[in-house]
Amino acid sequence: MLNYIPDYLIVILSGVLTGTLARVVLLRIDYRQYPGYPHGFLAHFLLGLIASALGAVAVPAILKPDFAAVTFLALAAQQFREIRNMERRTLESLERTELVKRGLDYIEGIARTFEARNYLVMGASFATSLAVQFGGMITGVLVAVLALLACHHFMSGEIVGDICEVVPATISFKGPVLMVDEIGIMNVGLQSMREKILQDGLAVKIKPKDGNARATIHDIGQRNAMAFTAAVILGSKKDIDIPEYTPLARKNPDTGEVGLYILPVEKDPAQLIAAVKLTPVLESARSKPLKAGPSIRAAKEKVNNQ
Amino acid sequence: MNETASGIILAIVALDKEQVSGGAPIFFARDKVEQERTANYLARIFDAMAHDLENGSYILVRH
Numbered sequence: 011m012l013n014y015i016p017d018y019l020i021v022i023l024s025g026v027l028t029g030t031l032a033r034v035v036l037l038r039i040d041y042r043q044y045p046g047y048p049h050g051f052l053a054h055f056l057l058g059l060i061a062s063a064l065g066a067v068a069v070p071a072i073l074k075p076d077f078a079a080v081t082f083l084a085l086a087a088q089q090f091r092e093i094r095n096m097e098r099r100t101l102e103s104l105e106r107t108e109l110v111k112r113g114l115d116y117i118e119g120i121a122r123t124f125e126a127r128n129y130l131v132m133g134a135s136f137a138t139s140l141a142v143q144f145g146g147m148i149t150g151v152l153v154a155v156l157a158l159l160a161c162h163h164f165m166s167g168e169i170v171g172d173i174c175e176v177v178p179a180t181i182s183f184k185g186p187v188l189m190v191d192e193i194g195i196m197n198v199g200l201q202s203m204r205e206k207i208l209q210d211g212l213a214v215k216i217k218p219k220d221g222n223a224r225a226t227i228h229d230i231g232q233r234n235a236m237a238f239t240a241a242v243i244l245g246s247k248k249d250i251d252i253p254e255y256t257p258l259a260r261k262n263p264d265t266g267e268v269g270l271y272i273l274p275v276e277k278d279p280a281q282l283i284a285a286v287k288l289t290p291v292l293e294s295a296r297s298k299p300l301k302a303g304p305s306i307r308a309a310k311e312k313v314n315n316q
Numbered sequence: 064m065n066e067t068a069s070g071i072i073l074a075i076v077a078l079d080k081e082q083v084s085g086g087a088p089i090f091f092a093r094d095k096v097e098q099e100r101t102a103n104y105l106a107r108i109f110d111a112m113a114h115d116l117e118n119g120s121y122i123l124v125r126h
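Sequence lines, in order, name chains A and B.
Residue 11 is where the first sequence starts when you use the numbering used here, and the numbers rise one by one after that.
Residue 64 is where the second sequence starts when you use the numbering used here, and the numbers rise one by one after that.
Everything hinted at is true.
Pairs of lysine to any residue, SDA-like flavour, derived with a Cα cap of 20 Å:
| id | chain 1 | residue 1 | chain 2 | residue 2 |
| --- | --- | --- | --- | --- |
| 1 | A | 111 | B | 110 |
| 2 | A | 248 | A | 110 |
| 3 | A | 184 | B | 119 |
| 4 | A | 247 | B | 107 |
| 5 | A | 111 | B | 125 |
| 6 | A | 206 | B | 110 |
| 7 | A | 206 | B | 96 |
| 8 | A | 206 | B | 103 |
| 9 | A | 206 | B | 95 |
| 10 | A | 217 | A | 192 |
| 11 | A | 247 | A | 195 |
| 12 | A | 217 | A | 264 |
| 13 | A | 206 | B | 107 |
| 14 | A | 206 | B | 105 |
| 15 | A | 248 | B | 110 |
| 16 | A | 247 | A | 181 |
| 17 | B | 95 | A | 187 |
| 18 | A | 111 | B | 70 |
| 19 | A | 261 | B | 126 |
Per the computed footprint, the stretches of chain B lying under chain A, defined by three or more beta-carbons under 8 Å from a beta-carbon of chain A, are:
| id | region |
| --- | --- |
| 20 | 99-105 |
| 21 | 109-121 |
Read the hints as simulated data drawn from the structure, not as lab findings.
In this text, all values refer to a predicted model and were calculated from it rather than measured experimentally.
All C-beta atoms, glycine included, are put in the ideal place defined by N, C-alpha and C.
If we strip away everything but chain A, and leave its shape as in the complex, we get (with noise of 0.2 Å):
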């Protein structure tokens, strides 16, 4: 029986080592404040090791076969469904005072987000494990490497950049009515405020590259990641008693395009492209609709012989 302990010990230290190293390879701190928070960050991180525990003993644990503990591992795994909620507790609890939202959809994306990665972690973790225990050290590396790109891979998503083409626009006023070139944005009374936005204020207009592209950018929710981004990068004048400074999304009805403006406090152009080109493509948002081809074709045939 003691023989067994130093082999099981490293096929889950092995496990263990690769689950976490996954977990701190996808928890980096990026531009979105987010999870920049520093125990938000020890917090993920034990979870984590948490996770690669889970997934490292697994293998002894149908090995030895322990059926029982195994049916305990899969019941502990489902407590990781908290993490969503906590994720999206804290987001929507921080958003009440933020001053340019992140938005629902943004919110509860990056909540799934931080929910699916742990599974990650837990998968990489078992297959290291599993490696280690059947193939040896040499293979169990081999696995891991492999195993850290693939959570690599799997973290970074579909940008705006990658489906539509953003290009700078100009900002105008017919009457009172602010234009992104010939989006209507908003109705601004003070003459003031007109001034202000003409002289310090930007604009893009972001273009959908195809059908799909333009059904994402349709999405309220994924339009207010795009402001939120670009006033994260850029920063935003905006304060409460100055609405007039909100970035918005408005959408040409006609054509699908976005144009969206803000009141940055770096006056930037350049960097304001590259913020929108940026902005995750929100899965929320995500829609196919050109991918419906053959199931719509067959259903508007029913619809016609009818």
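Chain A is fixed; fit chain B onto it per the hints.
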């Protein structure tokens, strides 16, 4: 943060007495300059935005 409902007219700043009436507080201004100034003050006080209806009236709305 102010949590009052959005989309409600908080006040109206008008030049022409014929153009306005109704439920929201109405402030009459003698000329364009006074109207602009009053609307600006009210907007800052209410944390609201002044919208120009181009008929001599500004409405103040919180969004």
